[in-house]
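Protein sequence lines, in the order shown, are assigned to chains A and B.
Residue numbers for the first sequence follow the working numbering, beginning at 1 and rising by one.
Residue numbers for the second sequence follow the working numbering, beginning at 1 and rising by one.
Calculated directly from the structure, the hints in this document are not laboratory data.
Just so you know, not all the hints are guaranteed correct.
[As the list claims (entries may be wrong)] Below, computed lysine to aspartate or glutamate pairings styled on EDC-like, alpha-carbon distance capped at 20 Å:
(1) 594(A) x 637(A)
(2) 523(A) x 64(B)
(3) 523(A) x 859(A)
(4) 55(B) x 859(A)
(5) 641(A) x 552(A)
(6) 338(A) x 47(B)
(7) 386(A) x 794(A)
(8) 55(B) x 92(B)
(9) 338(A) x 53(B)
(10) 55(B) x 626(A)
(11) 55(B) x 850(A)
(12) 738(A) x 459(A)
(13) 55(B) x 769(A)
(14) 507(A) x 106(B)
(15) 738(A) x 548(A)
(16) 593(A) x 552(A)
(17) 593(A) x 550(A)
(18) 55(B) x 803(A)
(19) 593(A) x 571(A)
(20) 507(A) x 70(B)
(21) 523(A) x 509(A)
(22) 55(B) x 860(A)
(23) 55(B) x 852(A)
(24) 551(A) x 578(A)
(25) 55(B) x 550(A)
(26) 55(B) x 866(A)
(27) 55(B) x 571(A)
[As the list claims (entries may be wrong)] Examples of chain B residues toward chain A, derived with CB under 7 Å:
(28) 28
(29) 50
(30) 51
(31) 73
(32) 74
(33) 89
(34) 91
(35) 97
(36) 99
(37) 101
(38) 103
All values derive from a computational prediction rather than experimental measurement.
No residue lacks a Cβ here, since even glycine has one placed at the ideal position from N, Cα and C.
Each chain, written out:
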Amino acid sequence: MTTLDIPFLGSLVLCLVLVCASYTFVVSVATGRGRPHLLPAARYGALATCGFVAFALFLLAYAFQTHDFQIRYVARYSDRSMPWWYLVASLWGGQDGSLLWWTFLLSGYTVAVTLWMRGRYRELQPWMFATLMTIFGFFCITMLFAANPFATTVGAAPLDGEGLNPLLQNYWMAIHPPSLYMGFVGWSIPFAILVGALITGRLSREWIDASRLWAMVAWSFLSLGLLLGCLWSYEELGWGGYWAWDPVENASFMPWLVGTAFLHSILTQERYGMMRVWNVFLLCLTFFMTIFGTFLTRSGLIASVHSFARSDIGIYFVWYLGFLLIACTALIIWRLPKLRSRNTIDSMLSREFAFLLNNWILLGMMVFVLVATTAPLLSDWLMNEKVTVGPPFYNKWMVPLGIILLLLMGIGPLTSWRKTTGRGFWRAALVPAVFGLVVFSLHVAFGARLGYPPVISSDEIYDTATGRALAALFSVAPLLVTTVGAFVIGTVVQEFWRGVRVRMRSKGESPTTALVRLVSRAKRRYGGYIIHVGIVIMFIGFAGSAYDIEKEAALQPGAAMHVGDYAVRYDGARMELDPSKRMLFTDMTLLDKKGDDLGEISPAKFIYATHPDMPTTEVAIRSRLDNDVYVIMSTVDPSTKRGTFRVIVRPLVAWIWLGGMIVLFGCVLTMSPSVKELLAATKGAQTERRMRRRLAVALTALFLLAFGLSVPALVQAQSNSSSSLMAGTVIMHDPLEKQLFGRLLCQCGDCARLPLTECTCSWAQREREKIRAELAAGVSPGAIENSYRAQFGEAALSVPSDEGFGRAMWALPVTLLVAAGAGIFFVGRRWRRAGDALTPVTPDGMLMSDIDYDRRLDDELRRFEEDA
Amino acid sequence: MALPAVFIVLAALALVTVIGLLWQSFRAIEGTAAVDPVRRDDLLSPDRRALLERKAALLQSLRDLSFDHEAGKISQEDFERLDEQFRADARDVLQALDVEVAPYREKAEALLAERLARGPAAPAAPPSTDDQGAPPALGQACAACSGTNDPDARFCKHCGARLPGEAPAAQRRADAHDDAPVDRSTAHVSRGGAPSPGGEVA
């Protein structure tokens, strides 16, 4: 019936995107080089490029809906039985389509930023468009030459498609990748503005004013994407955790860390014009990391559970990364004279210096993750052996860094700009510190009784002093997190309370009015504090993982198993059918200590018709604020109904989602236009138009975030129907076994070197039996690990040993961190001396004109106060 | 199912929009499209912009400082020292801003004095509702068409004939305009149209 040749048309449109982007690039460059009257032409050209991308995306969506299996991508990722919403989600389900989706989101951002800027920043605009067009061009070329979503199948079109991977057929697939992509792509906008500033040499505050909002939008979406990723992993993948330090997760975590550093560091430049080179570097690095992360995971260089098909797009990314690296370095070096600034600080106990330390720890974490993520590449290159770094390594090393970050989050708000005297600082720190100590003693006194002991036992990842030190730190981590976390919350509450009190006293406002006005007048400041509170609550959720209780058992219908304070009774199994799959449910009842009924849960297995060999595990979760009960059905015998179950009681997991929601609320608050800005809409048509545009942008962001926020609620409603990565399930008998197996990687050659705790292949099964026998015979885990290494090489361990390359894995980042820390103190002291050299002005030395200026300053201040 | 139709309609809409946008873009290159109004901010010289940014940052710092002081976050001693430092910086900035506009201020004052020197007749004249804004009393009449013109006009705006007027004064104004603190790369933004009133530099 259809006469549209979609594959041909689609490829043609991709060519047109490239042509249009090139045209816009040329016009933009002409605009920037002394033909400012061409700016509207560049702007319309950019919008037209976006239109073409939208056209291409809608064509692909149409092809999916009409089951045009002539297109290879459609045939691979959809089938006729899929409902329409999965057909839409398939757009970003695979490599080729996700590149188009990426470009589409970039179009969305480009349109938004074009409308937002309109007549402002007209010096920066041409170069911003030119930069954005090179990004469009890059993705277009990659699609056209290496990953064309409109490529046709070889031979005749198949009758039906292969269908989307059942793991991706869930509601998460519809929201997690778009949100994460929004976060990744979003950094293009601030980066493009920065390039504009570098080329034109307008490097004062202007570019920061122009890009701040967009950086914040990108950061918010990146945070939301990461959070949804955790949720997806936790609810769907059925292995019981939310973060596995998988390369893809790390790839999105690294830009988040650098972006966070950037958002803090620009505050110093706004106030004092300091650290200009550093801010430019941070933003370039953030953008670079978004592309680098994509490259790492898409090129197939590093194995990941997010297995995008290996493809040849890697080389395109290498070229682009090389180009970015050279271009950014050249631009920065060229503009170095203009980027120099007066670098003096008055004191190391100042807000400026606190931000410097914040940057230090965030970048330190980034380097750690980077080195560990690229370890397979580095070791392959240096030693011809692929060393993989597993979660135990990250979990141990990131804890101390995370606690330092948490501590800095508490100290930062206590300092003031320029200088805080030691006495002033301690006075400000008094109440939060006391609060921290109170929580510390409460935790020590009652923690164990409530099931949250302050000190836990921890295994050593290395059999050396380093390993013991890390283990010691890890074992007191819960106590440190609660104490430092309480301190941070104390500082934030104190900030709010003091602000409200001033307003109540000076303006005679009621507490609520004072709070609302206080926050609305300094949204970035107080929004930021709220984000801090969210992060603390998330940290507490992470710390809760130390108290996990896990148990496995085989049960006959009617029998129950006890886990922690709960009992789970197995009532029976039932099978249900729907057009695409068979669903095997096992109904269970959750009981508390006294035997009271807490409700029904039904873990399940789904067997999809298209992928009968990949039954998916559907976990059942009962989530409460104090703990989650997480039930996985491993196997069930169809004839006897005897089932094996794995039950995990995970304390405080809900705090992570709660903290995440608080973070997002803080983001919305920070970005939202104030009442004043909205009311200003009445001030003349020009302003009104601008305000309406701002309102539109803000409302869109709000809507998207609200959409994201409603997600956890929906999850609760449907937590009994989800799917999983784990086709089978491995049964662990005790924690010792779990720790040991977690460090040994499967060597079957088929899987992506999963640890023995996870791999379900027969090779891993055999190996587990062998090791269990050895353990039973009394061989120590360390000896087993060593013999495993001797047998299969360094690469067979998930934590590289503490020698040679393995030691370099942590020694390099730690050395960098220490060196940078020392460097910061050194530079800080030098800057301070430079500051001391400036002679202070005393009131006695004031000239008549100074008094005059002082009076004018007071006037200006009064006006400033009224405008705010 | 109507869904495929929705996507094809969306695609068609995208295509139509693209064609419209490209048309606009080509028109803009030709110079027939409307040109953006110039904003005052765009015409500021980088130095002046930097000074204004610095002033805003200092005012912000001063405000935050006094707020933090009232909130009891920083001690009296810290407050006094920091307040004085910020004020000293702010005074410098205000002074620098003044220095930059000083020549123009002098010119403006000279012009004002000149105008006042013309005697009470001028201020007493009723405010003009003429859209040119120039009081007729001060205008000069064209010899050729007898139309009124601005006092400093060198050519008649009605017929184009040369006026005998005050060349020195006009020259002075032209110089003043050349020296204005304007970033020259943006000063000639409009080729296709006249700059809007908002674009004038004070």
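Hint-by-hint comparison with the structure:
1. For a cut-off of 20 Å, the pair hint linking residue 594(A) to residue 637(A) is broken: about 30 Å separates their Cα positions.
2. With a CA separation close to 13 Å, the supplied pair residue 523(A) and residue 64(B) stays within the 20 Å bound.
3. The hinted pair formed by residue 523(A) and residue 859(A) fails the criterion: a straight-line CA distance of about 25 Å is larger than 20 Å.
4. Between residue 55(B) and residue 859(A), the direct Cα distance comes to roughly 13 Å. Compliance with the 20 Å bound is thereby established for this hinted pair.
5. Proposed proximity of residue 641(A) and residue 552(A) is supported: the alpha carbons are some 17 Å apart, at most 20 Å.
6. The hinted pair formed by residue 338(A) and residue 47(B) meets the criterion: a straight-line CA distance of about 12 Å does not exceed 20 Å.
7. Proximity of residue 386(A) to residue 794(A) is assessed by CA-CA distance (about 8 Å); at most 20 Å being required, the pair is judged to hold.
8. Straight-line distance between C-alpha atoms of residue 55(B) and residue 92(B) comes to about 10 Å, which keeps the hinted pair within the 20 Å bound.
9. Restraint check: the Cα-Cα separation between residue 338(A) and residue 53(B) comes to about 16 Å, which is no more than 20 Å; the hinted pair holds.
10. Restraint check for residue 55(B) and residue 626(A): not satisfied, since their Cα atoms lie roughly 51 Å apart, outside the 20 Å limit.
11. Proximity of residue 55(B) to residue 850(A) is assessed by CA-CA distance (about 16 Å); at most 20 Å being required, the pair is judged to hold.
12. Only pairs whose Cα atoms come within 20 Å are accepted, and residue 738(A) paired with residue 459(A) is accepted, the gap being roughly 11 Å.
13. The hinted pair formed by residue 55(B) and residue 769(A) fails the criterion: a straight-line CA distance of about 73 Å is larger than 20 Å.
14. Note on residue 507(A) and residue 106(B): the hinted pairing is violated, with a Cα-Cα distance of about 43 Å set against a maximum of 20 Å.
15. Proposed proximity of residue 738(A) and residue 548(A) is supported: the alpha carbons are some 13 Å apart, at most 20 Å.
16. A distance of roughly 18 Å separates the Cα atoms of residue 593(A) and residue 552(A); the hinted pair therefore holds under the 20 Å criterion.
17. Only pairs whose Cα atoms come within 20 Å are accepted, and residue 593(A) paired with residue 550(A) is accepted, the gap being roughly 17 Å.
18. For the hint linking residue 55(B) to residue 803(A), the alpha-carbon distance of about 56 Å lies beyond 20 Å, and the restraint is violated.
19. Distance hint between residue 593(A) and residue 571(A) is fulfilled; the C-alpha atoms sit about 18 Å from each other, no more than 20 Å.
20. Using a Cα cut-off of 20 Å, the hinted pair residue 507(A) and residue 70(B) holds, with the two alpha carbons roughly 12 Å apart.
21. A C-alpha spacing of about 19 Å is found between residue 523(A) and residue 509(A), which places the hinted pair at or below 20 Å, so the restraint holds.
22. The hinted pair formed by residue 55(B) and residue 860(A) meets the criterion: a straight-line CA distance of about 10 Å does not exceed 20 Å.
23. Restraint check: the Cα-Cα separation between residue 55(B) and residue 852(A) comes to about 17 Å, which is no more than 20 Å; the hinted pair holds.
24. Of the supplied pair hints, the one linking residue 551(A) and residue 578(A) is violated, its CA atoms being roughly 32 Å apart against a limit of 20 Å.
25. Using a Cα cut-off of 20 Å, the hinted pair residue 55(B) and residue 550(A) is violated, with the two alpha carbons roughly 61 Å apart.
26. Taking the CA atoms of residue 55(B) and residue 866(A), the gap is near 16 Å; set against the 20 Å cutoff, the hint holds.
27. A distance of roughly 73 Å separates the Cα atoms of residue 55(B) and residue 571(A); the hinted pair therefore is violated under the 20 Å criterion.
28. For residue 28(B), the suggested interface contact is upheld, since its CB lies about 4 Å from the closest CB of chain A, less than 7 Å.
29. A hinted interface residue such as residue 50(B) counts as satisfied when its beta carbon comes closer than 7 Å to some beta carbon of chain A; here the least separation is about 5 Å, so the hint holds.
30. Interface hint at residue 51(B): violated, since its Cβ lies 10 Å from the closest Cβ of chain A, which is beyond the 7 Å cut-off.
31. The beta carbon of residue 73(B) is positioned within 7 Å of a beta carbon in chain A (closest approach about 6 Å), and the interface hint is therefore held.
32. For residue 74(B), the interface hint holds, since its Cβ comes within 7 Å of a Cβ in chain A; the closest pair sits about 5 Å apart.
33. Taking 7 Å as the C-beta contact cut-off toward chain A, the hint placing residue 89(B) at the interface is violated, the least distance being around 9 Å.
34. The closest approach between the C-beta of residue 91(B) and any C-beta of chain A is roughly 4 Å, which is under the 7 Å cut-off, so the hint is satisfied.
35. Contact between residue 97(B) and chain A, as hinted, is not supported at the beta carbon level, the nearest pair being about 10 Å apart and thus beyond 7 Å.
36. With a least beta-carbon distance of about 12 Å to chain A, the hint placing residue 99(B) at the interface is violated under the 7 Å criterion.
37. A distance limit of 7 Å between C-beta atoms decides the matter here; for residue 101(B) the minimum to chain A is near 14 Å, and the interface restraint is violated.
38. The closest approach between the C-beta of residue 103(B) and any C-beta of chain A is roughly 18 Å, which is over the 7 Å cut-off, so the hint fails.
When each numbered hint is compared with the structure, violations occur for hints 1, 3, 10, 13, 14, 18, 24, 25, 27, 30, 33, 35, 36, 37 and 38.
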